Amino acid sequence: MAQYKRLGGIMAITLAATTGLTACGFGGSTGEATGDGTTLDLLVPSYSDATQGNWDDVIAGFEEENPDIDVNLQVESWDNLESVIATKIQGGDAPDIYNGGPFAGFAEDELLYPVEDVTSDETYADFQPTFLENAQVGGTTYGLPFIASARALFVNDALLEEAGAEVPATWDELLESAKKVSDLGGGVAGYGMPLGSEEAQAEAAVWLWGGGGSFGDAESITIDTPENLAGAEFVKKMIDEGATQADAGATDRSPLFDIFVQGKVGMQVGLPPSVGQIESDNPDLEYSIHPIPTEDGSPFTLGVADHLMAFQNDGDKQEAITAFFDYFYSADVYVPWVQAEGFLPTTLSGSEQLADEEALAPFLEVLPDAQFYPSTNPDWQAADSAFKALFGQLDGKKSAQDVLTEIQEQVDAG
Amino acid sequence: MKDLAKALPWIGPAVALIAAVVLFPVGLMFWNSTRDISQSGVDDGGVGLANFATVIGFQYFWPILGRTVVWVVVVVGCTLIGSLALAALLNKAFPGRRLVRMAVIVPWASSVVMTTLVVHYGLEPYFGIINSFLVDVGLISTPEGYGWTRHPGTAFAWAMAVAVFVSLPFTTYTILAGLQTVPGETVEAARIDGASGPRTYFSVVLPQLRGAISVAVLINIINVFNSLPILRVMTGSIPGYDADTVMTMIFKYMQNQRQIDLASALSVIAFLVVIVIVAVYVRVVRPLEEV
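Those sequence lines, one after another, are chains A and B. All residue numbers for the first sequence refer to numbering that gives the first Met the number 0, where the first residue is 0 and numbers rise by one. All residue numbers for the second sequence refer to numbering that gives the first Met the number 0, where the first residue is 0 and numbers rise by one.
If we strip away everything but chain A, and leave its shape as in the complex, we get (with noise of 0.2 Å):
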């Protein structure tokens, strides 16, 4: 039995020992400068499959004209990438652009370069205003908005007409197409309504917008509010009433939307890349795209923006990722990147570059009815996950009111 007093000693000792590992996390410093040039660290995560192929070619256009710059690109999942910026900047190492989605959190711990000290005043005028204003913390401009995305309601013509329902303009006629597809059985469901943990803030605010309420602004964020309570209220009408698909609760979007394309689901809201997902799994799905239904009947679309920002590191790099930007926002670059990924251009050049696009037309014209994230708020990330983690429970015991009131204290706990 000696061997097992030996060996039983040390793996007890090596595996209590990870116990401690479990929540330290350390990145080691990459890209050092090669040459003697500047380098420049490139933080972004993946939108698809063609992303780090889409920056490597960027990245080389842009060597090319600027022989003296090095850019470093490392390309992370979405799911990492924020755990992988903080503990960059943690271990001291954050890299000099970053792409990603809040950064008011950022700005606040004065880690950012105000935009217009990094790019050129043309390439700054030529943003959307509104997404500018969307990117400003007490008034001054932090992120560049990179890409954006607005929703819509795919609707399976299909499946409606079989069921002889209507396309739905507000609430109460969703919820009667919804229960009609629904009642035609085998496992058909008449909306999808994915409130798992993968996007459920963007479901909520579906809902919660559409029936006048909001997240708040950028000085506060307020959840748990009676606008807010009808749209919650309706979700809840919508599963109790067996309008949407089983266990609406712990549904993850992306999954659920496999489903849709597969053509067992009425309606659910979809993104710009959907149409790109039926055409290449389902070419045959006969689907249309309308405007969200809302309480009212009033056009309204959840607009998200991604944005660029520059960290302040050492501050000697201002001029090379002035000339950075500059490059990849001229519209012959920038239009063609956005485009492989299937979203819309943020810049007023790329926006008439891609006027007569016939796929993205749905999207560009509820965009000026869009309404975004209180992203610039630095609450908005507690609200974000306590959406993520508690919205869901709408599809179970607990009152509409129990889960706001829930979601409202985790934010205010921070």
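Source of the hints: derived by calculation from the structure; they are not laboratory data. Keep in mind the model is a prediction, meaning the values are calculated, not measured. Glycine included, each C-beta is placed from N, C-alpha and C at the ideal position. Treat each hint with caution, since some may be false.
Claimed, not checked - Mimicking SDA-like on lysine to any residue, the simulated pairs with C-alpha atoms at most 20 Å apart in a straight line are:
id, chain 1, residue 1, chain 2, residue 2
1, A, Lys236, A, Ala322
2, A, Lys396, B, Arg231
3, A, Lys235, B, Gly239
4, A, Lys397, B, Tyr240
5, A, Lys179, B, Tyr240
6, A, Lys396, B, Trp107
Stated by the list, open to error - Here are a few chain A residues that face chain B, going by a calculated C-beta distance under 7 Å:
id, residue
7, Ala85
8, Ala245
9, Gly391
To be verified - Pulled from the structure, derived: some chain A residues nowhere near chain B, Cβ distances all over 10 Å:
id, residue
10, Ser82
11, Phe105
12, Ser219
13, Leu228
14, Asp313
With chain A fixed as given, assemble chain B onto it according to the hints.
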């Protein structure tokens, strides 16, 4: 002292390695747990034990801790019983034993995340193979299947089943190794004395397995307590905190809420819990002593 100086060149590298990969991260974890760290990772100063108060004051903390205990006890218990049976079987000579022994290793050889994902997809409504099977044989009446991984109770139960499945090989082999050290004479003596099969097993063989079993249980407790991937995959999309253990909660603090300080505080608590469990276990069962 002189001996120590002489030994230093030999043990130095090992000590340095342990300091770098074990002591330093543990120290940093303790340090982080007393700091206020912003969401973007900037250290905003010390806050004493406030992070611990927040973590323990969280309304779901005690249910989560209780669920962690259930998780460890059920998984380790089922693993042990299953492994004892499997090891007893594999210790008998029968045609094809080598193949069966190889087969038992498979769950161990494949990635835990992969094994869990296979089961997870199998349980998906609409296209999961397990769900389709249950629908086809008529056990589930809804045509798209049942959302096993979308209800806290069933998702947790399936996660435990997967955890037992992946823990079996190691435990089985540890016990099998123990079985092979049981002297044949003792079993033979029992048989001559007229002891029945079960009596022989429980009174003669099992006591001699004490060393192997107690080491296997100790390692399993630590391993299962610290297991994240299975629960992460099986219960990841469930809203609220009704299917979380301490480990998935640490992960939620870190990944979803990006509160590295709270995640560190809960990790420290988990670390201390494991240390206490191991200390009590070692004291009571004395697994590291000779039989």
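Structure-based check of each hint:
1. A:Lys236 / A:Ala322: Since the Cα atoms of Lys236 of chain A and Ala322 of chain A sit roughly 53 Å apart, the hinted pair is violated (cutoff 20 Å).
2. A:Lys396 / B:Arg231: It is violated: about 24 Å lies between the C-alpha atoms, which goes past 20 Å.
3. A:Lys235 / B:Gly239: Given that 20 Å is the threshold and the Cα spacing comes to 16 Å, the pair holds.
4. A:Lys397 / B:Tyr240: 13 Å, holds
5. A:Lys179 / B:Tyr240: Since the Cα atoms of Lys179 of chain A and Tyr240 of chain B sit roughly 34 Å apart, the hinted pair is violated (cutoff 20 Å).
6. A:Lys396 / B:Trp107: 40 Å, violated
7. Ala85: Holds: closest Cβ of chain B sits about 4 Å from Ala85 of chain A, inside 7 Å.
8. Ala245: Hint holds; Ala245 of chain A Cβ to chain B Cβ min 6 Å, cut 7 Å.
9. Gly391: Holds, because the Cβ-Cβ distance from Gly391 of chain A to chain B comes to roughly 3 Å (cut-off 7 Å).
10. Ser82: 6 Å, violated
11. Phe105: 5 Å, violated
12. Ser219: For Ser219 of chain A, whose nearest Cβ neighbour in chain B is about 17 Å away, the distance exceeds 10 Å, so it holds.
13. Leu228: About 18 Å separates Leu228 of chain A from the closest Cβ of chain B, which puts it past 10 Å; holds.
14. Asp313: 16 Å, holds
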